[in-house]
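Which chain is which? The protein sequence lines are C and H, in order.
If you read the first sequence in this note's numbering, its first letter stands for residue 9, the second for the next number, and so on.
If you read the second sequence in this note's numbering, its first letter stands for residue 1135, the second for the next number, and so on.
These aren't lab readings, by the way, just hints derived from the structure by calculation.
Check each hint, because a few of them may be wrong.
Said to hold, decoys possible - FRET-style restraints, in silico, Cβ to Cβ:
#1 C:120 x H:1828: 32 to 40 Å
#2 H:1443 x C:85: 53 to 61 Å
#3 H:1390 x C:72: 57 to 65 Å
#4 C:74 x H:1950: 54 to 62 Å
#5 H:1785 x C:163: 39 to 47 Å
#6 C:85 x H:1333: 37 to 45 Å
Positions of the beta carbon are idealized from the N, C-alpha and C atoms, including for glycine.
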Amino acid sequence: MTNLTINGRSLASDSPPDTPLLWVLREELRMTGTRFGCGLGVCGACTVHINGQAVRSCQVKLEQVGTGAITTIEGLHPSNAHPVQKAWIEIQVPQCGYCQSGQIMQAASLLAQNPSPSDKQIQEAMNGNLCRCATYPRIAGAVKRAAQMMKEKKNA
Amino acid sequence: MPDELLPNAGRRSFLVRSTTMAGAGFLSIALPPALGGSDAEAAISATPAYTPSIWFTITPDGVTTMHIVKAEMGQHIGTAFAQIIAEELEVPWEKVRLDMPLESNENFGIYGLAYTVNSGSVTTEFDRLSRAGALGRMVLVEAGAKLLGAKLANCHASAGRVIDKASKRSVGYGDILQKVKLEKSFSYPNDFKAVKLKARSEYKIIGKSVPALDIPAKTNGSAKYAMDVFLPNMAYGALAIPRTRHMSKVLSVDDSAAKSIPGYLKSVVIADHMNKCMGWVVALAETYPAALAASKALIIETDPGPYGNLSLADIKAEFAELLDKPEEAANWVLEGDVEGSMTGADKTLDVEYSSDMICHAFMEPINCTVMQAADGSWHVHVGTQSTSFARMTLTAYLSMVTGRKQEELSVFVHQYLVGGGFGGKQDYDDVLAAAYCAHELGRPVKFIQSRESQFAISHPRTPTLHRLKAGIEDGKLTAMSHDMVSGWMGPRFAVGKKFNNGTDWLQLDSWDDKKQDIDQWSVGGSDHWYHVPNHRVRAWNSDRTTWAIQASALRTVSNSYNMFVVESFMDEAAHAAGRDPLEFRLSMLNGKGGNRGIPNTGYAPGTPSDYYLDQIWISLPWPTDKSWPEYESGTVGGALRLANCLRVAAGKAGWGSKKLPKGTGMGLAVSSAEERQSPTWVAGVAEVTVDTTTGVYKINKLTIAMDMGIAINPENVKAQIMGSALWGAGQVLSERLDFENGLLTQSNFHEYKPVRQVDVPEFDIELIQSGRHPMGVGEPASTIVAPAVANAIFAACGARVRHMPITPEAVLEALKAAKA
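Only chain H is shown next, with the shape it has when bound in the complex:
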């Protein structure tokens, strides 16, 4: 077996001594000599590598390897993290490398939860990585000064060398490591707190568009995704498309036809412990084409279960009924007196919005290869958003399958590049299925979803229905009511999942006592940053929908529909109030009250921002007191920063000044995805031309201004903004999933249509680098395109479409309604 496939947990764990496992919060520099152990360990210990924190290792050749626990799925996160560390550590960029630590029970104790989600990687890790780099530099400067016989005060580090100002002599980090035994240890978080960071004006690598380290392997075929793994004696698995998305039960499998396919081995009904993989039958064969052919040749008798007759039309009907039952609603926002102020308003607006299901449709279909090694340990090869949850979920599952206790099972997860995640590679059903097949066959199994089975078992964004009311007085929006119903994804994720220490990792209560038990992943975005004195958001859960479609997170989660609704509605309110949509928005983005932002709280406990961040996002078990370094909250500046983005975008697009031909219009939108606690401020203008005879419309241009605080790598930020904006274009133009008799019906890319090259508009992107704490950039721009386009269509021809996606037929219908 190639080295890269062997477990290396032992190696890492002795290079890094971390007692955070024991809860004391302590990191030390563990330096090699004489640690004993196996030959392999002895060989490694002969190399005086320097690993002052878990995040990087410097070797005597001067190479610094950054250990990246976040999934590399298109955002170039490894490069961003390396830039942050390299900046403070002062290592030369050309000697920076990346690796991905193995996920194991032991490494979990060191690295914490490996989970990539909510555009949160840079936001949550920036401060800590900066401090880790600075601590490493401190130790090296001290050691270098001694070696040079220089005064510490005269020494500084630059590009991998310690330089003595007085003698003008210097020594490289690599040489230091060969000559000096480094033993200094730091207490965590206190030493992290004390370390002096660079002034942002001194940055040399942060803010520079260095080429992404993962790109060259992606242009010559050498990049490794999970599907590229080969294990000895490996078989292949293909899924027979289940009768329903969820809860069907296999009664019998007739594989007599499959048996005539050369290479066919057997078919396996996946044990559906944990209510995953229900109704799944996997055909196993010596090759993937044989497995795929066999999966289609199986004759499977199924009990379709409770959702066998359920269709999208039924879900929509249930949504409408639920909205009429106020007693079943939960409050998400409750400011002022909405009912009272509606009664007193001069003008009211009462409209209904809705959105269809869409799915991730990543280019890399879900796949996973699992092997049980000779020592009984399990090895999972997968590209996933959370190697930690993959390991925990599989451990629990294998315990049920084998009847052994979880602590007796040893599971390792090998992370690969992820061929697109978008929130959809965090369900682990593939991991369970592959492992079950490997267990049943007694051989390693590579399980690959065909595109057809991938669509059938996708985890879609829930359909939604919204009723909104506006109360307008003296041209001002004095009251806003937003009722929404959807399938709540939170409960599906939270049920039965616990951290190793037994605590729940997601609680369905909230940090604000005005709010009630609610799934914030389903309502986020409706709690916008406009100052509206009387504001209420209520939400209903259609639990049946959640489970029947297996609702999940999809790029910006609920913002992806809520911003379409809120920003279209704001446009309607502006027109109802007889005001310009730009001026109307700016007047309410005044940074007053709760919309001023929270100063300097970072993700400290006891503030709203820790609602689940300290439970889920971060990659170390934080201490439970408030002793760690505080850093600036992304909310600083509040709505004023959003107003600024809007002014910039509108100005650049020529709002109100550019002459547009008949049938062409501009629309505005703002967004602060992802969460109220973790906003990235973004505004956009869409310029759209509508053919009023066919309803076909074209997005000519998107102008986007984003304030992300600090852009770690500006050119990459622009790429992320363009990509996510085009994602947003897809969901307004053409993407939708159907659900019929319990099954998602689109089967491949001829039926499910993401944007293609011909759909690309002109782009004008402005990065507003306010110097504030850096925020995530891979998702937020995706939320502004649909509403900006909807508003532009209205501006172009007077058609107000309140459903997403916006089809040409809907445009024609809305035109007719406008003329009536």
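With the rest of the complex left out, here is chain C:
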């Protein structure tokens, strides 16, 4: 049994230690907001945070998590109150929506580390996240909008 801290809660997994975190989250713990896209770390749909850092959960084995604090899309804010979620809704980013949990987690991690990224930095940070509906222009716009919201909140 492996103990995990997910979204501030202590949870335990019975999966074998080499199981990709993605499948533990989705199919064992039934936190299905994290999506399976490629299983190879090349699409970004399964992005979660470990200690605030965006990682591809399909590439992280259960045994590698250790005491790391995991945040999934469900933990970012369940009622969409995180600035990135707010910006995503305001700019109406999602189309089919399947990749968006990963996009949002990637963006949230970027902004936590760099509160005012340039266009180029946004492009680079988000380039590993595929969106087949190609909502890219609105993703980039929403990252900027979220950065602005975070600044406003800080200054308020």
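With the hints as your guide, set chain H onto chain C.
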């Protein structure tokens, strides 16, 4: 089991009484009391919900729930339909909700065919949904007037209330439902025909960019895709990648290595009735990682079948041979005398175009969960473009598997959000495989394609080869000949498929007697809207290709390659004629003859537009006479609307006026995808910079103008245009699939490359709201990018590349050829 997973066919069927099943075409308001039945029905019947048509229900809390039978796969169709209904019904937008009806044999009789395809949802449903909303409002206003003791003539509805002008008193829809028993029924289609609709100038919700109702669940992880379902005692299935894409046969399976994987249950060779899932072996286990590991540990002996040695090079060779056999061609367009006018031309152009295979590569790999319930009924949980075809296909398959008659089988399909469709979620092989596994295991099975197996069993767009000739006289294009060969997807879809009433749902004949038996899904787009007096399009079918690669529909279907070919060729013809590509195009987009469009026929029978629309697209069995309300055809205005889009796009982009640095050029393209009968008019300008030393090119800017008639939700229309344009960018920049020894060879996104964030150009999008009948917007813009880019590359450096995708190597080669 959670409530949402229980069949609710019974509930819906008594809320809505529809005799369309019996063919009489009649809808009535079915109101609850004393209908008897089970406790559950009694509980529901205590709620005076109002369902005046199958498309929505109003409950006493004032909430209106729209029942959406179209797949929600990124286009926000539920929101668009809700806007259309809410507009005429006059319900407050904040009290609008969506649900997706269960697909069952019974509900099929009520809702008709649930199928989302051809960018046709808004186009085909706009009129009917408007009328349904208006009828609902009529009944509520009547009831409200009575309740208020007011004269009907003084009453109107607004934002969920009936208002008496004279007394200034009002009553809410919810209150009306609690106090009045509504029993009025309407005959269909006659009452639908008679109802008075709003003038378009009165629209308050249509044309407003209300936020999409499906978005908030997509930003906090709560959105439900089929993969998110959990059923009691469920096992998992993973596919061992078959030896070939199609027609291989499993001889033996050795699972001794798989047996050492904890949780492994068994492996199942999927019964390949209906020629689907051929050569498929699914490993079953208690968890998905175990199933996936087991699928890789199986040692499978296979007879590779007839396509085991077939590769893309063989297909290309066959294409070239076929084009030399005119006796095997079928005519698609035949205007004037092409051969004769070529002979008389001052100048001719003779070129060859081709395109590679690409695939849908949706972010959500295909997955399906199937359970046989204790009562013997089958429950399918899937995100699909057609729950109806999923149900029909599975019913036929299960009949073969179990030896029971189809009518003894009860199959329910639960629809989920679809994580990208693009034409690729309408083959149901996953449904059959999951059901077969559930049958063999005696437990519910969640079947998930890994990305690798997803690529291996994808349903690609066919490769194509085209030969085109132009005859130019006095600077005019007087003759155009377009010969094309590809795998025809139509026959693969049509074979053995019939509607419940026994009629074929796709016929390979056509509405125009000049045309011959042909698959219109493979040639569409070549029948462009330019006035060319002598015009011929011939097509060849490489049947072997169709089956070997399992060719299918992919976003705009044949337009996706034909517009690249036609619009690149028009550019070549303009240059050959010594004319500006804009002026050359405009001179031929004159709306003359067949290019004027067909006025006011809608999708009525007996017109070209009903070719298959009334058989496939619509979600109700239409009456076979001409008694339903006619509505405006999307073709009204014809080529003149396309010319208008082109002028707007060219003007906005600065065609002919903007100073461009050396190595940068602009290219034009127009398109009227999806079908000749259902055009959305769109034009675009690409601005591209080419590095002539490496051949690498960059799309700097895309300017797009689209006339879709009415934009139901303008901001969403813009999002759809941007997304589809970037789809088009992917197919010219980087997407291609290979086929080697019977197998599609790309395995994951490191080898198959859709566009990413860094590829995004600047956008300038203009919506031309002409006020005409609303047309689909999710696909057409994807067709103009490849040709506009090809033409821009030519303008930038003189390299004419006639193959898609356009690689840097091809640009360099074309440069060399241009200099030679």
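Hints violated by the structure (listed by number, smallest first): 3
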